[in-house]
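K.L.:
What follows is the residue order along each chain.
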Amino acid sequence: MGRIPYWNIQCGIIIDILAIPVFCLLSYGFYRYWMKIRVGKDRIPLGLRSAAMKIGPLYIRSFFTRGILGARIYDQLFTGITHGCLFWGMGLLFIGTILVILNIVFGLPIFEGRFNKWFMSFTLDTAGLMALIGVLGLLINRLSPSKRLSAIKLRKGFIPMEITIIGILVSGFFLEGLRIASTVYEPGAWIGNMAAVLVSAIPNGLVWHQVFWWAHGLAALAFVTWIPFSPLSHLFLAPLNTGLSVPISGPKMGVLDFSAFENDDATEEPRLGVSKLSDFSRKRLLDASACLWCGRCHEVCPAAQTNKALSPKAVMITMSEYLNQEKYEDTSLIDDISKDAIFNCTTCSACMEVCPVSINQPKAIMRLRQHLVMEQSDMPDIMSQALKSLEARQHPFFGAASGKKDWRKDIDVPIFEKGKTEHLLWIGCAAIYEERAQKIARAMVNILQKAGVSFGILEDARCTGDPAKQMGNEFLFQEIAKQNIGDFMALGVKKIITLCPHCFNSFTRHYAPLGGFYTVISHAVMIDSLIQSGKIQIRSQLQHQAKSIAYHDPCYLGRRNSTFDEPRHALSSVGNLVEMNRSRNLSFCCGAGGGNYWSEEEGERINQIRAKEALDTNAEQIATSCPFCLLMLTDGVKKFTEEQKVFDIAEIVNAAID
Amino acid sequence: MHIAVLAKVVPDYAVPSSDFELVDNRAHAKYTRMIGLYDENAIETGVQLKQKYGASLTVISYGRDSDVPVLRKALAMGADRLVMIQGESDDAYTVAANLKLAIEKLGNVDMILAGQQSADMDRGLVHGLTAGMLGCPFIPQVSRISSENGVWTVDQIMENGVREMSVSGKAVFSITSVPENVPRIPAVRDIFGAKKKPVEKMVSVSGNGACVTEISVEIPILTSVCELIPMDDPGVMAQTLLKRLREARYL
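Protein chains in written order, with our numbering: chain A, 1 to 658; chain B, 1 to 251.
It should be emphasised that the hints constitute simulated quantities derived from the structure, not laboratory data.
Think of the CB as a built atom: it goes at the ideal place given N, C-alpha and C, for glycine as much as any other residue.
Check each hint, because a few of them may be wrong.
Stated by the list, open to error - Selected chain A positions facing chain B (Cβ under 8 Å, derived; list incomplete):
#: 1; residue: E262
#: 2; residue: T267
#: 3; residue: E269
#: 4; residue: E375
#: 5; residue: K388
#: 6; residue: A392
#: 7; residue: A401
#: 8; residue: S402
#: 9; residue: K404
#: 10; residue: D406
Please build the complete structure, drawing on both the sequences and the hints.
P.N.:
Set out below in structure tokens:
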């Protein structure tokens, strides 16, 4: 004889009927989000191709892994486990409740036999306990909030929700205990049976059972109604946001279309960048709605960690507050976020890497920056000088003491010849104009010559335009990129070796939408493949005196382009690789990204923090594979030691070959 | 009010001297061309005055036809039109005579601004000569200009102070660089807008020229007298260094 639904309850069906208006209110609550989000613009096509499986705009894999399974949440173990317990516990209880409704409406035989024992009793009891443990853990998190939670602003609304959940769970166990105490012990219901022992002494058990039953049911309905009006809205918004995020790392700025400016028939000139909420795409507004202010981005942001004006969390908070107040057309958004903050971003993308709900913070920041630079010409002084130099001389190193050919003064470097040369060795601005970085280019030329690779450089090189793009001047980027694409086409360039991850990222991500398609190989990958194929030989005596080398992952090679293993592989063949505390996709920026190489850094220096982390490994050498990281870390290390310890991977390998 | 700014397009003035090459006594044609440093300050001053007094702003340049795209920047910064006098002379008198003709042709010019000196020849002659030929006052090294009832009040920055002056009627001011006239970077829609602004081309006349002949042009050649001692082995390095110092009888 199984459990009887509505045992001891009259008119219990009222609860089930009430679920209908509750569902309507829930839908209305989320409809309100849509009404706000639809103010944003349709998504601009990025010209990026992703092989990921999609249904409509939804990316299936990330929807399940990050959205449903919440894979990122577990990066912080305590929160991850407590959140997991609550989510899956409540999920199972929700399934149980649906089954009960199906039993009542369609007579589904759930209260019988082994299913009743193992699922309806044992599993659901355990789920309730899990959820209770989870919610208590999260309540502790909220009662003594960590730095990241309280940074900028602590989001309110969690504690009442958590207390309600506790109330629902505890009342559930109580009424289960009261029912069991008045009937028979339920096989499998281990918590219910224990609760029955506890409550058996309570007089008027049947009356109390009715009280708890109604309180439990009504509280659960109220809770569901409350979801869209509380931070718990993330139950739906978070999976949706993760599913709609393009699963390619980095902010994915795409390229802007300027043709309307030149077309006399165009009815409206496009607005460049974003100055108010309604200029953002709907996805950015969904980002702001889905953000829980958890502060994981704040915790990893190089700007926020050195007390700059920027915190990605603050950007999201400001955007969500504007959204809640329906200030769609208010251009004070930029001042509220602050111009300094907008230019502080190094575009390292660590924030989006750790975001559990796949928010694209850098893109929002970069859109605001594009507006300031392209519409208002409002930018920090040093960046404006770099941009002016880029515009006039096609390189951003204003005041450089080196000429274009200085880096190859005493060496013989082949020039790319149409139809004869296979690879274009793209030197990039830093390695041409910065004396320290010039050594990378010379080392790489030597490696390629030793390996017998067919390569050549451009006689007269310019920048890829990437610094302009990062500083928000998409227009200038395109001017430069189109000239390069024209040159490459005339020369028949198909394969490019880059020394700089920024050039690599630019060629692979931003040249293709402008019509430039190339096979691009970063020098770290090239060096590794030359070592593995035996084309360059590492001196054998090195094995005995191998140096320890700490490798710093450049954001644009690692996090942005998932090149983690090849540089490590190459370095392992010439030394003993040691890892820094923060490495691979969680690497900490050197501070130069986002055009911030050309900025006057105030307060604590990002490069010094990173240099210290590298020195703390006690490695003899610090390696990287980006000229900007090399320059920043070289400067950063100076605070702690006189010793020259920072080298590019090409320099280290070049010194180890015969 | 009609303001004219005289601007010259010059080869990149920031090329490091080690990389600088001369051809026929002038900078090699390979260097990027840009508006002169002080001329940009003058244009910026003109744009600010235009915005303040609702003036119209004309940029006048003497030089090559191929420099028009470079001068579009002045239009993007806020100038209304460009007058391009096509000529190749480097002679200050010839240039000034041509600029005078262009200013007279415009007719209603109230004020003429120019950078205090060009970024290539660095003579600081042309604006003064033009003022002389126009027969109007010339004030060099001006940092600030304001207008009241047809009288200009200007600040002239000297090495150790500021002199305030007033002048009425048409005048030529050479503009120096101060934080207030750092040239703006044009917004993107202004760059596109500049492509639609009028450019008037004028054929130059040959001037009398000064009785000055250029004999030669030289740029200092940096010779390195530095010997780099390899520092692979500190011991060897120290020995080599000692040896060299003894050879040179420093020790």
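K.L.:
The structure should be examined with respect to each hint, and the outcome stated for every one.
P.N.:
Here is how each hint holds up against the structure:
Here the hint on E262(A) is kept, as its CB sits about 6 Å from the closest CB of chain B, short of 8 Å. For T267(A), the interface hint is violated, the least distance from its beta-carbon to any beta-carbon of chain B being 15 Å, above 8 Å. Nearest Cβ of chain B to the Cβ of E269(A): about 6 Å, under the 8 Å cut. The hint holds. Taking 8 Å as the C-beta contact cut-off toward chain B, the hint placing E375(A) at the interface holds, the least distance being around 6 Å.
A hinted interface residue such as K388(A) counts as satisfied when its beta carbon comes closer than 8 Å to some beta carbon of chain B; here the least separation is about 6 Å, so the hint holds. Taking 8 Å as the C-beta contact cut-off toward chain B, the hint placing A392(A) at the interface holds, the least distance being around 5 Å. Taken as an interface hint, A401(A) checks out: its beta carbon lies about 5 Å from the nearest beta carbon of chain B, inside 8 Å. Interface hint status for S402(A): upheld, as the beta-carbon distance to the closest one in chain B is roughly 6 Å, under 8 Å.
For K404(A), the interface hint holds, the least distance from its beta-carbon to any beta-carbon of chain B being 7 Å, beneath 8 Å. With a cut of 8 Å, the hint placing D406(A) at the interface with chain B holds, because the nearest CB-to-CB distance is about 7 Å.
Going down the numbered hints, you'll see the structure goes against just number 2.
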